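Asker: Those protein sequences? They're chains A and B, same order as listed. The first sequence begins at 1 in our numbering and counts up one residue at a time. The second sequence begins at 1 in our numbering and counts up one residue at a time.
Hints should not be assumed to be uniformly reliable.
Said to hold, decoys possible - Facing chain A, a subset of chain B residues (Cβ under 7 angstroms, in silico):
| # | residue |
| --- | --- |
| 1 | 160 |
| 2 | 180 |
| 3 | 182 |
| 4 | 184 |
| 5 | 203 |
| 6 | 213 |
| 7 | 228 |
| 8 | 229 |
| 9 | 346 |
To be verified - Just the calculated beta-carbon pair ranges, DEER-fashion:
| # | chain 1 | residue 1 | chain 2 | residue 2 | range |
| --- | --- | --- | --- | --- | --- |
| 10 | A | 178 | B | 249 | 39 to 49 angstroms |
| 11 | B | 314 | A | 5 | 38 to 48 angstroms |
| 12 | A | 52 | B | 344 | 17 to 27 angstroms |
| 13 | B | 464 | A | 5 | 24 to 34 angstroms |
| 14 | A | 52 | B | 172 | 30 to 40 angstroms |
Hints in this document: simulated from the structure, not taken from any laboratory. Fair warning: this is a prediction, and the values are worked out from it, not measured in the lab. Here a beta-carbon is modelled for each residue, glycine too, at the ideal position from N, C-alpha and C.
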Amino acid sequence: MAGGIVFLSGVLSAGLLRSGQLRSGGSRFWLLLVAWSVIAATIALSAYPLGAVRGPFIALTLLPLGALVFVAMKLQVKPARNKSRSPAVAPRGRFRALKGFAHVLGVCIASALAALLAGAAVAAWVPGPPADRIVFSGILAAILWAAAIAWALWMNRPVRSLVILLAVALTSGLLWFAKTV
Amino acid sequence: MTARVLPRLKLKSGFVRDMLHGHAVLGLSFAALIYVVCLSGTIVVFYFELRSWETPEVPVVQTVSPELVSSALEEAVTKGEDVEGLHIHLRFPREAYPRLTVEVEGGNGERRFWVARPEGGLVPSVEAPFTDFMSGLHVYLHQPGIAGSSIIGLSGILTIAALISGVLSHPRMFKDAFKLRWGGARRVQEADLHLRLGVWALPFHFIVSLTGALLGLAGLFVGVIAFAALDGDMEKLGPLFSPGQVVREGTAPAPLPDTARIFAAAAEAAPSSHITDIELDRPGTAGQTVAVTAVDPRALSYGDVYVFSGDGTLLQRSEMRALSAGQKMLHYISQLHFGWFGGWPVKLAYVLLGLALTVITVNGVSIWLAKKRAKGLPELLWERVWPCFVWSQPLGFAVCASLSLAGFGGDFFVPLWLGVTAAALLAGALWQSGKVGAWVRVLAGLALMGVVCFHALRYPAWQDGEAVLLINAVSIITALCIIIPPAYRGFLLRRPA
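Could you build the full structure based on these sequences and the hints that come with them?
Answerer: Right, here's the structure in full:
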C-alpha cells in the first residue's frame, strides 16, 4: 500500500516536473516547487509507515521507477530509418584499442593505490570509534577510487595522470606513516 | 523558452568532449564484465524464489512452532552425534523461501543439511545447482580466493566511475530528461534510452554499485583501511563487527534447551521482531548456548542477536539501536545491495532498475558502434560479436537451468556457460552475416521457453506454487521480449518485396 503510494508519487512528481518544464512565467515556478516538494515529502514521510531508514531508501527505489514509467508513457514512436552508409574497409585501430585498454588498466591500479592509501590516512587520523573510521573511510576510498578513474580518463594524458595519482598515493602513505611513528 | 527543471551543468565543450572520451574508453573496456555482473545480479534478486522454483519438492513450512523447532533440534543432535564440536543452525521460513532448514556443522568444518517437514522430522536437503551457479557467478565469478569477489567489487567501482563520467559528459541529460524517441535513427533511439534510464535510475545505480563495490572489495579494504585504523592490531577487528561468541564452561550432559521458553524470552526481548535464525552451540551440554536472530520488519538490518543459556537466561544482546554509526552502516550496505528489505514492490523495482543498468551497459556499446557506422567506419567484427556475447549469457544460463532440472549437478556449469559464450563469440567472428546476433538472441529466447516447459514436465504437481508461478511467468515474458522484436523486424524471415 505505502509502496504503491510512493510509486504513484514518482509518476505524479515526474508529471509535474514535465509540466513545469513546458511552461514559462509564474506557473512554471510553482509547478517545479510543487514537484520537488512532492519528492521531498515522499522521501521524508515514507519513514513513518515504512521505517526510519528503510522508508527513505524504499522511496529512493520506487520514486525513480514511477518517473521512468511516466517517461515511458511519453514515448515518441517514429517509423524506423535504416539508412546506413556502405562500410569502408580501412584497417583500423586494434593496436590502439589494446593500448587504450592497457591505459585504463594502469589508471585503475594507480587510482586504487591512491584511493586506498588516502582512505587509510583518513582512517588513521580522523577521531572517533574505530568501527566508524573503518566503515566511513572504506566508503570514502571507494568513491575516491571511482572519481580518480573518471578524472584520470578525462585527463587523456596517461603519464601525467599516473604521476599525479602516484603522488597522491605517496603523500597519503607518508601521512599514514607519520601517524604510526 | 526551455525551462530548467533539474540542475543544468554549465561545462565547457572541451571538458565535455574529453569526459565523453573517458566515459567511452571506460565503458568499452569493461562493458562485458559489467554486463555479466549486472545481469547475474538482476537474476539473483530472485535468489530465494529461484531456489524454491528449482527444488519445489522440498517440504514447505509456513509457520514455525516451538514444538517443531524442538523436534528439529532433537533430530539434528541425533544425526550429528558423530560430529565433534557440534553447532546447529536453523534458518526459519521466509516469504520467498518457506522452508525450515537445518545445518549441522562440526568443529572440523564438516557441514550437513536437512529440511524440516511441517509435521516434524527431517529430510535431507536438496541441492539447487542452478541457483548456486547464478549466485556464485554474481558474488565471486566462480574464482578461487578473494580474486573473484575483488573483480566483482572492481566492477562496482568502474560502474560508479562510469556514472560520474556519464553525468559530466552529458550536460543536457537533465534538460532532456523526458525525451524518449523510439524508431527513427537507431543512434538517437539508443542514446535516448541510455540517457533516460541513466538519469532517472541514477540514485539506485549509485547505491547498488557502491554497496556492491564495498561488499566485493571488503577483503582489500579490511586489509588496508582497518589495518590503518587499528594501528596494525587486527585482532581487534572481529569484536568490532560481530557480537562475539559467548563461551560457557561445562561439558556435563544436560537436557536440550526448552524452546518454548526461549521463544517467549526472545519475544519479550524483541516484541516487534520475528525470529529468522536459531543457532545452538554445543547442544546437550551444561555449557550450551542458543543464539536467536530476530529481525524488526521496519528496520534496515539483518537482525538483532540474543544469546540465551540452555535454561532460557539471557546472556548477551546485540541490538541495532546500540550500534555505532559505522556498525549500522554495515547492516545497511548488505540490505541495500540485495533488495530484500521492502517486500515484492522493492524486489520488482530492483529487478527492473537492475535490468535498466544492464541495458545501459549493452546499449552504450551499441551507441559507439552506431556512431562508427554513421561516420562510415563501421566496426564490422564488433557489430557481430557484441550482440552474440550479449545474448549468449541468457542462452548459457538457460542451458544450465535445463540441465539442473534434468538432475545434473552443478560441477560442469561453469565450463558449460563458458563454452556457450565461446561458441557464440566464435559464431559472431566467423559467420559473416549481420543476422548472427539475432539468431543467438532467438535461440536464447527459445531456450528460456524450453526451461519453462521442462519445469512443467519435471514438476507437474508443483506448478501452482507462488515461486514457480513467478519464475515461470517472468521467464515467459522475458522469452517473448527476446524473441518478438527480431522476428517483427524481419531479421529471421525475409519479408516478400
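Asker: Hints first: check each against the structure and report whether it holds.
Answerer: We went through each hint and held it up to the structure:
no. : hint                                  : verdict
1   : 160                                   : 4 angstroms, holds
2   : 180                                   : 5 angstroms, holds
3   : 182                                   : 5 angstroms, holds
4   : 184                                   : 4 angstroms, holds
5   : 203                                   : 5 angstroms, holds
6   : 213                                   : 5 angstroms, holds
7   : 228                                   : 4 angstroms, holds
8   : 229                                   : 4 angstroms, holds
9   : 346                                   : 6 angstroms, holds
10  : 178(A) <-> 249(B): 39 to 49 angstroms : 46 angstroms, holds
11  : 314(B) <-> 5(A): 38 to 48 angstroms   : 39 angstroms, holds
12  : 52(A) <-> 344(B): 17 to 27 angstroms  : 22 angstroms, holds
13  : 464(B) <-> 5(A): 24 to 34 angstroms   : 31 angstroms, holds
14  : 52(A) <-> 172(B): 30 to 40 angstroms  : 37 angstroms, holds
In summary, this structure violates none of the numbered hints.
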